[in-house]
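Asks: Based on the hints, put chain B in the right spot on chain A.
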Amino acid sequence: MLPWPFWVGVVLLNVAFAAALRGDAVGPAHRVVMLWLVVVLVLVLFGTALFVTDVPRGEVAFRHLGIADALSDMQRVDPGIDAYFNWPGFFALLATLLAATGLDPVSVALWAPVLNVFLWLAAVGVVMRYLTNDPRRRWLVLWIFCLGNWQDQDYLSPQAFGVFLYLVIVALLVGPLAALPPRFRGFRRADLAAWWQERRPADSRPGHRVAALAMVLLLVVVIFASHQLTPFMVLFAITTLTLSGRVWPSQLPLITAVVLVLWFVYPASAYLAGHPPIEDAGFQGAVATNVVERVGGTPGHLLVVQLRVGLTVVLWLLAAAGAVREWRRRRLDIRVAILAAAPLMLFPVQSYGGEMLIRVSLFALPFIALLACSALLPPDGSLRLSIRRAAALVLTFVVLAVLNVTGRFGNAEYDLFSDSEMAAVTAVQSLAPPGSVIISAAHPTPWRDQTYLEHQYRTIDDLCSPDLSAATCGPIVYNFVRHNAQGGFLMFLRSSEASIVLQGESTTEGFAELEEWLDAQNGVRLAFSNAEARVYRMTP
Amino acid sequence: MNGGISRPTLALGLAAVALSVVTLVGLPGPLQALVALTVLVLLPGQALVRLTPVTDAALAALLVVALGIATLTAVSTAMFYLTVWSWQGCVVAMGAITVLACLARERKEAPA
Numbered sequence: 034m035l036p037w038p039f040w041v042g043v044v045l046l047n048v049a050f051a052a053a054l055r056g057d058a059v060g061p062a063h064r065v066v067m068l069w070l071v072v073v074l075v076l077v078l079f080g081t082a083l084f085v086t087d088v089p090r091g092e093v094a095f096r097h098l099g100i101a102d103a104l105s106d107m108q109r110v111d112p113g114i115d116a117y118f119n120w121p122g123f124f125a126l127l128a129t130l131l132a133a134t135g136l137d138p139v140s141v142a143l144w145a146p147v148l149n150v151f152l153w154l155a156a157v158g159v160v161m162r163y164l165t166n167d168p169r170r171r172w173l174v175l176w177i178f179c180l181g182n183w184q185d186q187d188y189l190s191p192q193a194f195g196v197f198l199y200l201v202i203v204a205l206l207v208g209p210l211a212a213l214p215p216r217f218r219g220f221r222r223a224d225l226a227a228w229w230q231e232r233r234p235a236d237s238r239p240g241h242r243v244a245a246l247a248m249v250l251l252l253v254v255v256i257f258a259s260h261q262l263t264p265f266m267v268l269f270a271i272t273t274l275t276l277s278g279r280v281w282p283s284q285l286p287l288i289t290a291v292v293l294v295l296w297f298v299y300p301a302s303a304y305l306a307g308h309p310p311i312e313d314a315g316f317q318g319a320v321a322t323n324v325v326e327r328v329g330g331t332p333g334h335l336l337v338v339q340l341r342v343g344l345t346v347v348l349w350l351l352a353a354a355g356a357v358r359e360w361r362r363r364r365l366d367i368r369v370a371i372l373a374a375a376p377l378m379l380f381p382v383q384s385y386g387g388e389m390l391i392r393v394s395l396f397a398l399p400f401i402a403l404l405a406c407s408a409l410l411p412p413d414g415s416l417r418l419s420i421r422r423a424a425a426l427v428l429t430f431v432v433l434a435v436l437n438v439t440g441r442f443g444n445a446e447y448d449l450f451s452d453s454e455m456a457a458v459t460a461v462q463s464l465a466p467p468g469s470v471i472i473s474a475a476h477p478t479p480w481r482d483q484t485y486l487e488h489q490y491r492t493i494d495d496l497c498s499p500d501l502s503a504a505t506c507g508p509i510v511y512n513f514v515r516h517n518a519q520g521g522f523l524m525f526l527r528s529s530e531a532s533i534v535l536q537g538e539s540t541t542e543g544f545a546e547l548e549e550w551l552d553a554q555n556g557v558r559l560a561f562s563n564a565e566a567r568v569y570r571m572t573p
Numbered sequence: 133m134n135g136g137i138s139r140p141t142l143a144l145g146l147a148a149v150a151l152s153v154v155t156l157v158g159l160p161g162p163l164q165a166l167v168a169l170t171v172l173v174l175l176p177g178q179a180l181v182r183l184t185p186v187t188d189a190a191l192a193a194l195l196v197v198a199l200g201i202a203t204l205t206a207v208s209t210a211m212f213y214l215t216v217w218s219w220q221g222c223v224v225a226m227g228a229i230t231v232l233a234c235l236a237r238e239r240k241e242a243p244a
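These protein sequence lines are chains A and B, in that order.
Going by the numbering used here, the residue at position 132 of the first sequence is 165; the numbering climbs one at a time, nothing skipped.
Going by the numbering used here, the residue at position 88 of the second sequence is 220; the numbering climbs one at a time, nothing skipped.
None of these hints come from the bench; they were simulated from the model.
Source: prediction; values computed, not measured.
It is possible that some hints are incorrect.
[As the list claims (entries may be wrong)] Residues from chain B that face chain A, not an exhaustive set, calculated with beta carbons under 7 Å:
1. Leu163
2. Ala168
3. Thr170
4. Thr184
5. Pro185
6. Ala190
7. Leu191
8. Ala192
9. Leu194
10. Ala202
11. Ser208
12. Thr209
13. Phe212
14. Tyr213
15. Trp219
[Unchecked claim] Okay, derived cross-link-like pairs now, SDA-like style, lysine to any residue, Cα gap no bigger than 25 Å in a straight line:
16. B:Lys240 to A:Arg238
17. B:Lys240 to B:Val197
18. B:Lys240 to B:Gly161
19. B:Lys240 to A:Leu246
20. B:Lys240 to A:Glu446
21. B:Lys240 to A:Pro239
22. B:Lys240 to B:Thr184
23. B:Lys240 to A:Leu251
24. B:Lys240 to B:Ala189
25. B:Lys240 to B:Leu156
26. B:Lys240 to B:Ser138
27. B:Lys240 to A:Gly240
28. B:Lys240 to B:Pro162
29. B:Lys240 to B:Gly158
30. B:Lys240 to A:His241
31. B:Lys240 to A:Val243
32. B:Lys240 to A:Ala247
33. B:Lys240 to B:Ala147
34. B:Lys240 to B:Ala228
35. B:Lys240 to B:Ala165
36. B:Lys240 to A:Ser237
37. B:Lys240 to B:Ala150
38. B:Lys240 to A:Asp236
39. B:Lys240 to A:Leu250
40. B:Lys240 to B:Val157
Beta carbons are placed, not taken as given, at the ideal position from N, Cα and C, and that holds for glycine.
So that you can see chain A by itself, here it is in the shape it has in the complex (with noise of 0.2 Å):
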């Protein structure tokens, strides 16, 4: 549990915000004023890791940390290894700055989810700019994107640089490349045709739009390079917001789409003989993975997933509130609609491990915040917030903050590792050989950071699921290390355990009644132990 004063924190920053956005008759308060704001708002919330601990949250940072020195070692690229080394992009950028900056990576990891944000941040701000001239609206925006950014992709990872670089090409998009078309006259062929012959480009330099488009090709490369899915929400923006008439290269979306498919077919063929894309596609596959499977677990994690769908779910009928207002005067923007809805398009597309639907909220979630910001805010731009709509935005913000936080943090019990834990993951990276298995409980472990390519990585979760008894789960674990030439190691971190149990695929009892019973057989032994973790040596 987070200590009462970080509550207090949290509800004296809401309020102090929705005085300055209330600001005066001309506007909300000065821009340092608003900035200063949004940046403690976002060292709040995605920074207060930061001063309790210096390990970073999760498994996946430690594993993209891995493949990142795996290819420095390599020095070349083998997409046969797994699926990252099919998209190299992002890894290839984080092992050169690590090798020229000499920054710890374990550090880099530490600070990425609030340089990420901030990096997003700035380019939602750029994009707001084009999508609205209400500076309240702007800020609140902002303010908005951070308390609904529940998602956790803000690690250091490919995605979260492939939000960035999409939104900055959103930026391009709906900037120096957007197109003013007429009138909509209807569906009839000629009718259409004359209204896509009569658009015009909003910027009229040539000279601009060449190179903006000069630019959006770069960052679609380097995205494409960079993360399986991400390219697949460039290809739907920018496709729809063409059709839509707001973008003027009415070539774009070809270019795109074919830049994707020459990535799947030649630097990522690897992967795809394996992976045939519309193999697990569908929408009832989709909710299974993305709905069903992550709705179970102890009542405490149940509410943590609850709490977040419940964030959500405020969030998108605010928008829907929001975009059903501005509707009615007439003054939806079809771009926001288009950029908060196109996300949607992804969801049947693949179930990508159950996380399609967290991907969708967080690609979604600027537009959404700036239509939520309709329903929030008085219709007129100019007018100051009486006290009551600045109370109900305070309100607002308090559950946001709550559902945010608890949301996010809500796992801490296993996806926060002690330096016990750390010590003992050190301890088998360096006495497990070349070749040897090495097995955790369960993810989140915060492993191969340092020998990605020279061992193989279970969970005991991954071998035995859904059955963990010692009886049935304990052979397979067994007999599976006892087969390899090298033999391997075993750990049990407290957070490995708190994971399965409150996950709900074991129970504290049924979990240790696995340890010991690994523990009786022949070639175990234990090599290491603390507080909070045991590793055991297995021989073949």
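Replies: Same frame as chain A, but now just chain B:
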């Protein structure tokens, strides 16, 4: 103006050359990080943005970072695919891109 080339362009090009050398030679701790990030991201980003007619200051600032990172990603990835990667090679390549962008800018600035 300085013989047809503007001072900012000249400063950018010279800074790219000087800081690339300094990065390759090496500096203590945080200074190395600061200088390396400048050479690898900020200077190339700034040089490339100066080639475009972007006038909006906020968009230009965003593009400095985005183009700098994107170009470094493209260069690093290409070097890995070509099996010629080294961080020193990336520093030299990004320094060269900055200088080339400055030269292109200088051609635009030169009177017809």
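Asks: If a hint holds in the structure, say so; if it doesn't, say that too.
Replies: Hint check results:
1. Interface hint status for Leu163 (chain B): violated, as the beta-carbon distance to the closest one in chain A is roughly 10 Å, over 7 Å.
2. Given the 7 Å rule on beta carbons, the hint for Ala168 (chain B) holds: about 4 Å separates it from the nearest Cβ of chain A.
3. At its closest, the beta carbon of Thr170 (chain B) sits 10 Å from a beta carbon of chain A; the interface hint therefore is violated under the 7 Å criterion.
4. For Thr184 (chain B), the interface hint holds, the least distance from its beta-carbon to any beta-carbon of chain A being 4 Å, beneath 7 Å.
5. For Pro185 (chain B), the shortest C-beta to C-beta distance to chain A is roughly 5 Å, which falls under 7 Å, so the interface hint holds.
6. Satisfaction of the interface hint for Ala190 (chain B) is found here, the shortest Cβ-Cβ separation to chain A being roughly 5 Å, below the 7 Å cut-off.
7. Below 7 Å, beta-carbon pairs count as interface contacts, and Leu191 (chain B) has one with chain A at about 5 Å; its hint therefore holds.
8. Because the closest C-beta pair between Ala192 (chain B) and chain A is about 10 Å apart, greater than 7 Å, the hint is violated.
9. At a threshold of 7 Å, the smallest CB-CB gap from Leu194 (chain B) to chain A is about 5 Å, leaving the interface hint in force.
10. A hinted interface residue such as Ala202 (chain B) counts as satisfied when its beta carbon comes closer than 7 Å to some beta carbon of chain A; here the least separation is about 4 Å, so the hint holds.
11. Annotation: Ser208 (chain B) was flagged as interfacial toward chain A, and the flag holds, the nearest CB pair being 4 Å apart, inside 7 Å.
12. Checking Thr209 (chain B) against chain A by beta carbon gives a least distance of about 4 Å; that is within 7 Å, so the hint holds.
13. This hint holds: Phe212 (chain B) has a C-beta 5 Å from the nearest C-beta of chain A, less than the 7 Å allowed.
14. The interface hint given for Tyr213 (chain B) is met, as the beta carbon of that residue sits about 6 Å from the closest beta carbon of chain A, less than 7 Å.
15. Given the 7 Å rule on beta carbons, the hint for Trp219 (chain B) holds: about 4 Å separates it from the nearest Cβ of chain A.
16. Proposed proximity of Lys240 (chain B) and Arg238 (chain A) is supported: the alpha carbons are some 16 Å apart, at most 25 Å.
17. A threshold of 25 Å between alpha carbons decides the hint, and for Lys240 (chain B) with Val197 (chain B) the separation of about 23 Å falls inside it, so the pair holds.
18. Distance restraint check for Lys240 (chain B) and Gly161 (chain B): the Cα-Cα separation of roughly 39 Å exceeds the 25 Å cut-off, and the hinted pair is therefore not satisfied.
19. Taken as a hint, the Lys240 (chain B) and Leu246 (chain A) pair is honoured in the structure, with Cα atoms around 19 Å apart against an allowance of 25 Å.
20. Using a Cα cut-off of 25 Å, the hinted pair Lys240 (chain B) and Glu446 (chain A) is violated, with the two alpha carbons roughly 59 Å apart.
21. For the hint pairing Lys240 (chain B) with Pro239 (chain A), the CA-to-CA distance comes to about 16 Å; that is within 25 Å, so the pair holds.
22. Under the criterion of a C-alpha separation no larger than 25 Å, the hint pairing Lys240 (chain B) with Thr184 (chain B) is consistent with the structure, at around 11 Å.
23. Taking the CA atoms of Lys240 (chain B) and Leu251 (chain A), the gap is about 22 Å. The hint holds against a cut of 25 Å.
24. Of the supplied pair hints, the one linking Lys240 (chain B) and Ala189 (chain B) holds, its CA atoms being roughly 20 Å apart against a limit of 25 Å.
25. Proximity of Lys240 (chain B) to Leu156 (chain B) is assessed by CA-CA distance (about 31 Å); at most 25 Å being required, the pair is judged violated.
26. In summary, the hint linking Lys240 (chain B) to Ser138 (chain B) is supported, as the alpha carbons are separated by about 11 Å, within the 25 Å threshold.
27. Restraint check for Lys240 (chain B) and Gly240 (chain A): the C-alpha separation of about 13 Å stays at or below 25 Å, so the hint holds.
28. Pair hint Lys240 (chain B) plus Pro162 (chain B) does not hold up; C-alpha atoms about 37 Å apart against a cutoff of 25 Å.
29. Under the criterion of a C-alpha separation no larger than 25 Å, the hint pairing Lys240 (chain B) with Gly158 (chain B) is inconsistent with the structure, at around 35 Å.
30. Note on Lys240 (chain B) and His241 (chain A): the hinted pairing holds, with a Cα-Cα distance of about 14 Å set against a maximum of 25 Å.
31. Between Lys240 (chain B) and Val243 (chain A) the alpha-carbon distance is near 16 Å, which keeps this suggested pair within the 25 Å criterion.
32. For the proposed pair Lys240 (chain B) and Ala247 (chain A), the alpha carbon gap of about 18 Å is at most 25 Å, so the pair holds.
33. For the proposed pair Lys240 (chain B) and Ala147 (chain B), the alpha carbon gap of about 20 Å is at most 25 Å, so the pair holds.
34. This hinted pair checks out: Lys240 (chain B) and Ala228 (chain B) have alpha carbons roughly 18 Å apart, not beyond 25 Å.
35. At most 25 Å may separate the alpha-carbon atoms for a hinted pair to count; Lys240 (chain B) and Ala165 (chain B) exceed this at roughly 33 Å.
36. Our distance criterion of 25 Å between C-alpha atoms is met by Lys240 (chain B) and Ser237 (chain A), whose separation comes to about 20 Å.
37. A threshold of 25 Å between alpha carbons decides the hint, and for Lys240 (chain B) with Ala150 (chain B) the separation of about 24 Å falls inside it, so the pair holds.
38. Between Lys240 (chain B) and Asp236 (chain A), the direct Cα distance comes to roughly 21 Å. Compliance with the 25 Å bound is thereby established for this hinted pair.
39. Using a Cα cut-off of 25 Å, the hinted pair Lys240 (chain B) and Leu250 (chain A) holds, with the two alpha carbons roughly 23 Å apart.
40. Restraint check: the Cα-Cα separation between Lys240 (chain B) and Val157 (chain B) comes to about 33 Å, which exceeds 25 Å; the hinted pair is violated.
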